[in-house]
Amino acid sequence: MRLTSIIFLLCSLFLAMSAQALVVDETLDDPVLEARAQEISASIRCLVCQNESILDSDADLAKDLRKIVREHIVAGESNDQVKAFLVARYGDWVLLNPPFKLKTVLLWLGPALIFLFGAIAAFFFVRGRSEGRTVLDIEHLTMEEQAALDQLLADDEDGSARAK
Amino acid sequence: MQLRFLLPVTTFAVIAAIMWYALFNLNPAEIPSELVSKPAPEFSLEAIPGFGPALSTADLAKGKVTLLNVFASWCVACIVEHPLLVRLKQENLVDIYGLNYKDKPDAAAKWLTGRGNPYSRTGMDLKGRVGIDFGVYGVPETFVIDGDGKILDKIIGPITEDILENRLRPLLLRAGS
Amino acid sequence: MIAETGQFVLILALITAILQGTLPLIGAARNNVALMRFSGNAALVQFLAISGAFFCLMAGYVTSDFSILNVASNSHSLKPMLYKVTGVWGNHEGSLLLWGWILALFGYSVALFGRNLPDSLKARVLAIQGLIGVGFLTFVLFTSNPFVRLDPAPLDGNGLNPLLQDPGLAFHPPFLYLGYVGLSVTFSFAIAALIEGRVDPAWARWVRPWTLAAWGFLTIGIALGSWWAYYELGWGGWWFWDPVENASFMPWLAATALLHSAIVVEKRDTLKNWTILLAIIAFSLSLLGTFLVRSGVLTSVHAFASDPARGVFILMFLIVVIGGSLLLYGIRAPAMKGGGLFAPISREGALVLNNLLLATAAATVLLGTLYPIFLDAFTGEKVSVGPPYFVATFLPLVIPLVIAMAFGPFLPWKRGDLGGVLSRLKFALAAALVVAGVVWWWQTRAPVMALFGLGLFAWLLVGSLLEWTDRIKLFRVSLANSWKRMIRLPRSAHGMTVAHIGVALVILGITASEAWQTEHLGVMNPGDTVSVGGYEFQFEGARNVAGPNYEALRGTFLATDGNSRIDLYPEQRTYDTPPMKTTEAAIYPMLTADLYVVIGDADGKGGYATRIYHKPFISWIWLGAFVMFLGGALSLSDRRLRLGAPKRQTKAAVPKALSQAKG
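Chains as they are written, first to last, in numbering that gives the first Met the number 0: chain A, 0 to 163; chain B, 0 to 176; chain C, 0 to 662.
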C-alpha cells in the first residue's frame with residue numbers, strides 16, 4: 000500500500016501548504032452575485048480535503064476554485080454552467096450533491112424503494128395481527144387469562160386502564 | 000415462508016463481498032481523470048527562465064507521445080520522482096514537458112539547476128489556472144498525451160519504479176513513440 | 000514492567016473470554032448449573048483482567064513512559080495531565096482497548112444485575128459477550144497491541160496535536176463507545192433468545208434497561224461530537240453527514256427503533272422476530288462503523304490512520320459476528336410464534352410506523368454512506384454523496400415521524416380511536432399554527448420549511464405535554480389528585496414525555512439556526528462596525544499574544560444590542576509541535592442565540608478576514624439532546640426495570656405463566 004501512503008503524503012503536503020485559517024477572499028461587490036457564488040461554492044467538494052466544500056475549506060486549491068466560481072458568475076454564467084465547467088475538469092466527484100444520472104439512480108430511488116418494501120411488509124404484518132382473524136387463530140390463552148393479563152399490563156403502563 | 004428470513008443474511012453477504020473487494024482493490028482518495036480520452040485543454044505558457052523553450056497545447060500534438068509532468072519547487076513528493084524523470088530523459092524514450100504549478104520562476108530555476116532538468120520544454124503556470132483546466136488537484140501529477148494531443152492517462156502522485164515499469168512503459172509502447 | 004504486565008493480563012483476559020464464550024453454552028445446552036454459573040465468575044475475571052491492562056496503559060501515559068510505542072506516538076511530556084489520561088483512547092490501539100474494557104464492563108454488569116435472569120439465559124448472554132470479547136482481544140493482541148515496546152525510547156513523545164487536547168473531543172469517545180458497546184448486550188440477549196428458541200415479554204423487560212443505557216450514552220456521545228465540531232472547526236457547522244458521523248448515527252437510529260419495538264414485545268408479546276432482528280442490526284451497525292473508520296475504504300476527516308491489514312481482520316470479524324447472527328436468525332426465527340392481536344390504529348400500529356420510519360432512515364443513511372464504494376466497485380466511477388443527499392432523503396422520513404410522535408402516546412393498546420386522539424390534540428395543532436403564524440408575521444424572511452419546522456416543534460412539545468397532563472388529569476380533578484397521579488405514574492412514562500420534549504427542542508434548535516442565521520464574512524479594519532442579527536459588532540483590533548505552547552493572533556470585538564455589552568476574543572493559534580494552526584472561535588451562547596466570531600488572516604493592508612455569525616437558538620440542539628438523555632435516564636430509574644427488585648415478584652409470575660402456557 001505504498002501508493003496509499005504516497006497519496007496521503009501528497010494530500011498532507013497540499014494541506015501543509017495551505018493556511019489552516021480563514022483566508023482573505025475577493026468577495027464580489029454585488030450581494031446577489033456573491034450569494035450565488037457562495038451557494039455554488041458550498042456544493043463543490045474541496046478535492047484535497049476530506050468531505051469539505053470549497054466554501055468551508057481553507058486549502059489553496061479551494062481558494063483558487065472559489066475565485067474561478069466568482070469569475071464565471073461575473074462573466075454571466077448560470078449556476079449550472081459554472082458547475083459544468085468544474086465537472087468537465089474534475090468529474091462528477093467534485094459535486095457534493097450527486098447528480099441524478101443513470102449511475103446514481105439506485106442512490107436516489109433507494110430510500111423510496113426501501114420504504115415501500117418496509118411499508119408492504121408492515122402492512123401484511125399488521126393485517127395479520129388485526130382482529131379480523133378468526134378465533135381459531137388465537138393461541139393458547141383463554142379469554143379470561145387474556146383479559147386478566149391485559150388488565151395487569153395496562154395497569155403497569157399508566158394510571159388509567161386503557162386496554163379493553 | 001422460510002425464505003424471507005434469509006433476506007437479512009443475504010443482504011449482508013452482498014455488502015460484505017463488496018467491502019472485501021473494496022479493501023483490496025479500491026482507493027477512495029484517488030480520483031481518476033475526467034479528461035482521459037479527451038483532448039488536452041488549450042493553453043500557452045512562458046518557459047522558466049533558462050529552461051525553455053516555452054510550452055503550449057500545440058507542442059502536445061506533434062505526432063508523438065509526450066509526458067506532461069506537473070511539478071513545483073515546493074513539492075516534496077516531486078523530489079522523490081525527479082531522478083526517475085531524469086533517467087527517463089536520458090533513455091530518450093519520450094519527450095517530457097514540465098508544467099511548473101503555482102511556483103516562483105527563480106525558485107523553480109534553482110530547483111532544476113540543482114536536481115537536473117528532464118524537460119524538453121517548460122511552462123510556468125503561475126496562478127494554477129492551466130492546472131485546473133487539466134483537472135490537477137495535487138502535485139506531482141503526470142499526463143500521458145498521444146500524438147494528437149489526446150490525454151491517454153493521468154498518473155496521480157510521484158512516478159515510482161513500479162508505475163514506470165507496469166503502467167507507463169506499456170502505455171508508451173502501445174501508443175508508439 | 001508496566002507494558003509487560005499489561006500484555007500479560009491482556010492474554011489472561013483472552014483466555015478467560017474463550018472460556019466464558021464456550022463453557023456456559025455447553026452448560027446451558029446440558030442444563031449443567033455449575034457450568035452456567037461459571038459465566039458470572041468468568042465475566043468478573045475478564046473485567047478485572049482488562050481493567051488491569053487498561054490501567055497499565057494509562058499508567059504508561061501518566062508517567063510518560065516513552066519506551067512504550069503507543070505512548071511515544073500519542074503523548075508528550077508537556078501535555079496537561081488531563082489530556083495525558085484522555086490520550087489513552089485518542090488513538091487506534093488505545094481506543095480498541097477502551098472498547099474491550101467497556102465490553103467486559105457490560106458483561107460483568109449483566110452478571111451483577113441479572114440476578115433475576117434464569118440461569119440458562121444469563122449463561123448464554125454472557126457467553127455471547129465472551130465470544131465478542133474473544134474477537135476484540137484477538138484483534139488487539141495480534142494487530143493492534145498497545146504494549147509494543149520502543150527501543151531505544153525517545154526523549155519525548157510525538158503526540159501534542161492541539162486538536163486532541165480539548166475536553167469535548169477527549170470525552171466524546173468514551174460516551175460513544177459506551178453506546179456502541181452497550182448495544183452488544185441487547186445483541187447477546189437476542190442471540191441467546193434465538194438459541195433458546197423463544198422470546199417472551201419477560202425477555203423484553205430484561206432487555207429494556209440495557210437498550211436504554213446504550214441509547215442514552217450514544218445520544219450524549221453524538222451530541223458531544225457535534226458540539227465539539229461546532230466550537231472547534233471555525234464556521235459553526237455541527238453535522239456534516241461525514242461517514243464517521245453516519246457510523247454513529249445509524250446505530251442510534253436502530254437503537255431508538257429497538258427501544259420502541261421492545262415495548263411492544265413486552266406489553267403485547269408481538270413484533271418479536273423484528274425486535275430480535277433489530278437488536279442484531281443495531282450492534283452490527285456499531286461494528287460496521289468500526290470497520291469503516293479504521294480500514295481505509297472511506298475517506299473521512301475523522302478516519303484513524305487506515306491500514307488494510309487491520310481492515311481485513313475487522314471485516315472477517317464482521318462476517319463471523321454479523322453473518323453468523325443473521326444466519327442464526329434466518330434459521331431460528333420462523334419457529335417463533337407471535338402473540339397479541341391489534342388493530343392498525345392502535346399504539347402497536349403507531350410503534351410499527353415508528354419502526355418503519357426509523358429503520359428506513361437507518362437504511363437510507365447506510366445506502367448513502369456505502370454508495371461511493373458500491374459504484375466504484377462495480378463501475379470504477381467516483382461519486383460523492385454529501386449533505387444535500389442526506390438532507391433530501393432523511394427529512395421526508397423524520398417529518399411523519401415527528402407528527403406521529405404526538406399521536407402515539409395517546410393511542411391505547413389493541414385498538415384506538417384516531418378521531419378521539421385528534422380532538423385531544425387540537426391544542427397542539429393550534430399551537431403549531433399559532434407559532435408558525437406569529438413567526439411569519441414577525442420575521443421578514445420566513446421560508447416555508449422553517450415555518451413548518453417551528454410548527455413541528457410546537458406540535459411535538461405541546462402534544463407531549465398534553466398527553467402528560469391528560470394522564471394526571473390536570474385541571475380535571477383536584478390538584479392534589481393530579482399530584483398523586485403524577486407520583487404514581489411509572490417513571491418510564493415521565494421519561495417518555497421528557498425524551499420526546501427533548502426531540503422537540505432539538506428540532507427548534509436546528510430549524511431556527513438553519514433558517515435565521517445571519518452572518519457577515521469579510522475583511523474588517525480596526526474601528527469598523529457591522530450589524531449582524533440585531534447586534535452591532537465593533538472590531539477593535541488584533542494583536543499577537545503568546546500562550547503556553549502556541550502563538551496566537553487575538554482579535555477584540557465588542558458586541559452590543561443596546562442592552563448589553565459583550566466582549567469577544569477570537570484567536571488564530573499557531574502551534575509549533577506539531578506545526579499547525581487552529582481557529583478558536585469566540586462564542587457567546589445565550590438561550591436565544593449564539594454570537595460566533597472568527598478572526599482570520601491579515602490582508603496586508605491593516606485589515607483582517609473575519610466571520611461573524613448570529614445563530615438563533617442553536618444551543619437548544621445540544622440542550623435538547625441532553626434532555627433526551629435525561630428522559631432515558633428517568634426511564635432507566637424506573638423501579639420495575641431494576642432487576643432483582645422484590646416488589647414485582649407477583650408481576651413476574653404472570654409472564655412466567657404466559658411462557659409456560661405457550662410451552
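These are calculated hints, taken from the structure and not from any lab test.
Certain hints may be false.
[As the list claims (entries may be wrong)] Cut-off 35 angstroms, straight-line C-alpha distance, at most; resulting in silico cross-link-like pairs (DSBU-like, lysine-lysine):
(1) 381/C with 103/B
(2) 66/A with 61/B
(3) 103/B with 66/A
(4) 66/A with 109/B
(5) 102/A with 149/B
(6) 604/C with 82/A
(7) 61/B with 381/C
(8) 149/B with 82/A
(9) 109/B with 62/A
(10) 88/B with 381/C
(11) 102/A with 604/C
(12) 88/B with 103/B
(13) 149/B with 66/A
(14) 82/A with 103/B
(15) 580/C with 82/A
(16) 100/A with 381/C
(17) 37/B with 66/A
(18) 100/A with 103/B
(19) 88/B with 100/A
(20) 381/C with 37/B
(21) 62/A with 381/C
(22) 82/A with 126/B
(23) 62/A with 149/B
(24) 100/A with 126/B
(25) 126/B with 149/B
(26) 126/B with 62/A
(27) 109/B with 82/A
(28) 604/C with 66/A
(29) 336/C with 66/A
(30) 109/B with 604/C
(31) 109/B with 580/C
(32) 580/C with 66/A
(33) 126/B with 63/B
(34) 88/B with 82/A
[As the list claims (entries may be wrong)] Listed next, with one range per pair, are the computed distances between beta-carbon atoms:
(35) 37/B with 151/C: 50 to 56 angstroms
(36) 151/A with 32/C: 51 to 57 angstroms
(37) 32/A with 530/C: 17 to 23 angstroms
(38) 422/C with 151/A: 25 to 31 angstroms
(39) 79/B with 80/A: 51 to 57 angstroms
(40) 32/A with 436/C: 32 to 38 angstroms
Beta carbons are placed, not taken as given, at the ideal position from N, Cα and C, and that holds for glycine.
Hints breached by this structure = 11, 18, 19, 27, 29, 34, 36, 39
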